[in-house]
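K.L.:
Given chain A, put chain B in place with the hints provided.
Each protein sequence line maps, in turn, to chains A and B. According to full-length UniProt numbering, the residues represented by the first sequence are 1 to 358, in order. According to full-length UniProt numbering, the residues represented by the second sequence are 1 to 358, in order.
Treat the hints with care, since some could be wrong.
Treat identical chains as interchangeable: a pair holds within one or across any two.
To be verified - Computed cross-link-like contacts, SDA-like style, restricted to lysine to any residue with a CA-CA straight-line distance of at most 20 Å:
1) Lys222 - Ala124
2) Lys276 - Gln243
3) Lys78 - Ala164
4) Lys78 - Glu68
Bear in mind the hints are in silico, worked out from the structure with no lab data behind them.
Protein chains: 2
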Amino acid sequence: MNRSDDSFIVHRTRPLNAEPTPTALMSGFFTPQHLFYIRSHGDTPELPADHEVRLSGLVTSPLRFSLERLRREFPKRKVIATLQCAGNRRAEMQDVRQTSGDPWRIGAVGTAEWTGVALADVLAKAGIDETRARHVAFRCADVVDIDGEIAPYEVSISVERAMAGDVLVAWALNGEDLDPAHGAPMRIIVPGYAGARSAKWLLEIDVRDAPSDSPVQARDYKLFPPSVARQDANWDEGVTIEQMPVTSAICLPRPDEPIPPGRTTVKGYAMAYGRKVARVDVSTDGGRSWRQAGLMSERTTAAWTLWALDVDLPAGRHELVVKAVDEAGQSQPECLEGIWNFAGYLATAWHRVIVDVG
Amino acid sequence: MNRSDDSFIVHRTRPLNAEPTPTALMSGFFTPQHLFYIRSHGDTPELPADHEVRLSGLVTSPLRFSLERLRREFPKRKVIATLQCAGNRRAEMQDVRQTSGDPWRIGAVGTAEWTGVALADVLAKAGIDETRARHVAFRCADVVDIDGEIAPYEVSISVERAMAGDVLVAWALNGEDLDPAHGAPMRIIVPGYAGARSAKWLLEIDVRDAPSDSPVQARDYKLFPPSVARQDANWDEGVTIEQMPVTSAICLPRPDEPIPPGRTTVKGYAMAYGRKVARVDVSTDGGRSWRQAGLMSERTTAAWTLWALDVDLPAGRHELVVKAVDEAGQSQPECLEGIWNFAGYLATAWHRVIVDVG
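If we strip away everything but chain A, and leave its shape as in the complex, we get (with noise of 0.2 Å):
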């Protein structure tokens, strides 16, 4: 990997699956491609710059395209999103109770301007049978083990979700071609959904008049409530995890970075799927009081919002707390515990983070 070690968490080589540490993911609005969170379900396929994406199912004209017939026959499209795991902050949920998955901390998060063409315009030209086409299946070049099933990894979104124009078909992150990790040659992209519906190392699109029924759509990525066991899930009554609740998280200081008394800076992230960010409050004593943070925005709900607030920190031990409203007045829960599930999905609590001043 072409980085600095010490700006990297890498929880398992295979798959790969790492995060930046909290100081690197707040680098700038655009989170680099070199930084970026990876979360693999196999080994990284190594797929030829030729390769070639096949669409069919429920179309009038099945077609091919390569990454540079793509690029020669629709228009270029740039969207910007944040790609955020449905698992992030999972390690403050394992903490209440364990749950399957990686321990991700809070930077399964990344914000890029991707390049792309719509999907729209490559199922217009395919013609999609409007009768009977209901969802899009993306199936991919990795092979994932889901509860012992190996499989290709594949997931599919609604045909409304993906003739929207926002979701693109897309080979390049913050204007660089993707990188092996990211699902080179070419990848999509759904702005404002869980990353795992952002599929990597695209093989096949599929237009089909159901969901897929690969055990990634089917078994994976799915919310239960906190009374229900993996073994006895019924996996048809979970909620599949597409847009995700509002979230937050406070990245600079560092819990295990003592800090001197005075004035310190604290920032992190924010984000609400399809509405803005309409509030951060800050607390710096544990959630008794509250002060509202600056925001740093760009003009679409698809994305994050940066916040920071200056606080005065005496000598001392604080327990610093975040939480984000959107537009709708909506809010996070306070803890964990109503809202844990077994697979450690959408850990959107309030975030706190104990620092020591001194």
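P.N.:
Frame of chain A, contents of chain B only:
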């Protein structure tokens, strides 16, 4: 009022603010007009049946219409929508710390099929100046007193929202002509928005380049953080309440009605603005364990979901708790402290009812 006294809780008579009891609220999916909550900001206007509404501002052809002309000249539309006051459940928030406003319990909410014409059709007939028009204001016949400023009730919504097709100029609720208390002869219905935008006793529709600067729009129905006191509020910084957060409430059993040991049905409502309610979790032990309730809904995210769960309760005192989860996995805060605000809006924490059994 055409109703039995014991099914309605009257908070004040001038202006008239009243809500059905939780038992009355659970009479069915659709709330009868005589049980629908009444939120008035001034005395109830009595407008004649041939009253004419004026439409003017940034339009090509200003027009006037009576109810009779409206019914004759535009296609009739029916929309199922829940109206909820932004102050619903304020009484619980006032238990944390005093707020302004009436102590609404859980009944400032109701669901109806509304009959009217699409505001979009009326605006299209007048011809909107698309280069300048940004907001549509509704001026009404009731007179409000906001912190000593006396003015006609007036609110506004964006042109995009106004033109979406589901916003109505309505004259009937569940097939009955509107009662005077509900805005006769014509009112606005903005599905999925806080009740305050569904202006009653409509006098004028005014298309503008800016939001209404009336006291109701500019200084009421705005959300502030717990840290801000009314006298320190910078009104431009408050979040205008339109869509509202995920919420839920237990309507039955009631805390004031002892129930026999054994099987009892817990039931209530849940609502997620713009998203489906995916799950309702019910606890009978104060939130330590949870079970999923059965759901009943219509095919619109603008209406509530009713839920019910049979539980076995032994003799003794039990704390029932409910929380809803929407299709994005968004849930509710556990407690009201973190979302408290001086005007007592959006009290959408977990709802708790203590019952005595035996």
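K.L.:
Which of the numbered hints above does this structure break?
P.N.:
Of the numbered hints given earlier, the structure breaks just one, which is hint 1.
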